[in-house]
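Asker: Sequence:
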Amino acid sequence: PSNPEAHYRTTGPEIWEDSEGKITHFVCGMGTGGTISGVAKFLKEKNPKVKIVGVDPEGSLFYDFHKTGKVTKARTYVVEGIGEDFFPTTLDMQILDDVIQVNDEECFVVARRLAKLEGLFAGGSGGGCLSAALRLAKYLGPQDFIVALLPDTGMRYLSKVFNDEWMRERGYTDATVALTAAEIVSAKRKASKVRELVIARPYQTVFHALKTMQEQDISQIPVFEENVPIGTVYEDQILTLALQGKDLRKLVVREVMSKPLPLVPRTAPVERITYILSHENPAIFVETEESKFEILTKYDLMSIVASLMEQKR
1 PSNPEAHYRT TGPEIWEDSE GKITHFVCGM GTGGTISGVA KFLKEKNPKV KIVGVDPEGS
61 LFYDFHKTGK VTKARTYVVE GIGEDFFPTT LDMQILDDVI QVNDEECFVV ARRLAKLEGL
121 FAGGSGGGCL SAALRLAKYL GPQDFIVALL PDTGMRYLSK VFNDEWMRER GYTDATVALT
181 AAEIVSAKRK ASKVRELVIA RPYQTVFHAL KTMQEQDISQ IPVFEENVPI GTVYEDQILT
241 LALQGKDLRK LVVREVMSKP LPLVPRTAPV ERITYILSHE NPAIFVETEE SKFEILTKYD
301 LMSIVASLME QKR
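Residue numbers (this note's numbering): 1 to 313.
Hints may contain errors.
Capping the alpha-carbon separation at 27 Å, the derived lysine-lysine pairs in DSS-like fashion look like this [said to hold, decoys possible]:
1. K44 <-> K70
2. K211 <-> K298
3. K41 <-> K70
4. K292 <-> K211
5. K292 <-> K188
6. K138 <-> K44
7. K70 <-> K46
Restraint-style ranges between C-beta atoms, simulated for each label pair [claimed, not checked]:
8. K250 <-> K292: 30 to 38 Å
9. T76 <-> G245: 49 to 57 Å
10. D85 <-> L243: 53 to 61 Å
Hints are computed from structural coordinates only; laboratory data are not their basis.
Note that CB positions come from ideal geometry on N, CA and C, so glycine has one too.
All chains, full assembly: derive it from the sequences and hints.
Answerer: If you want it as structure tokens, here you go:
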């Protein structure tokens, strides 16, 4: 109870005074709810027409409850400081005029852009709040006055949100030019003479796999059992076996194959693909719309990405 009261007595009056009473929309993240509830109470007393807009991450309960009146099942999300899997007593849902839902990626990407472009060092929840405010602003006019509250500092997230590797590992990207796996695959198909995926079967001989690789001028070949990738055979593996005196005509693929290539969705950003390929993976699988697979290699990226990025400028 003391949390909403503190914001009612301090944060609310500060916002009202600094906006000279012109505020029309207050946008704020919802966690325990003390900030938005206390500020909203004060602003509504000053001007009942002020709209209170909560910000809630995908997976939290608040958005669905506000929209439908039903309590749904909470799901996991990464952003910290907003959202809950229960309803805190410090949160007044009745005072909300609207709730905007945000996802993890936009929370982190906007927080990073805020630091880069405006010099404001906020965390993921602040990024989510600003993202929601920007989305709201598209539907408002010059007479409207939005106040968005950024509650946290980026100092707490140096090893997460502001760590490039952490962002890439999770597929979050704030690239100026956004390319997806699907776009790269499409460009490869247009440029390549080989349209169908070249594969080996686990019961085939290693010699047969080698001949296929030589004919297709490829350095690795995926192994499929029915329509499922179960392994990979590499050119250097076969070379090692030959130097050891192994009879490639008697060895079968299942005996020598390595693990399957990593699989990424069609929506995977180019940064995610680059990260995987730079960590001891010479190639990856992309699952296409037809539930089939396409291979992307480092060479594909080098030959295709540059031209695609140039086209998008």
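Asker: Please go over all the hints and tell whether each is borne out by the structure.
Answerer: Hint by hint, here is what the structure shows:
1. K44 <-> K70: 26 Å, holds
2. K211 <-> K298: Measuring from Cα to Cα gives roughly 23 Å; hence the hint holds.
3. K41 <-> K70: Between K41 and K70 the Cα gap is close to 24 Å, so the pair holds against 27 Å.
4. K292 <-> K211: 24 Å, holds
5. K292 <-> K188: Holds - the C-alpha atoms of K188 and K292 are around 15 Å apart, at most 27 Å.
6. K138 <-> K44: 23 Å, holds
7. K70 <-> K46: This hinted pair is violated, its Cα atoms lying about 31 Å apart.
8. K250 <-> K292: 30 to 38 Å: 32 Å, holds
9. T76 <-> G245: 49 to 57 Å: Holds - the Cβ-Cβ distance for T76 and G245, about 52 Å, lies within 49 to 57 Å.
10. D85 <-> L243: 53 to 61 Å: 58 Å, holds
Comparing the model with each earlier hint shows a violation of hint 7 alone; every other hint is respected.
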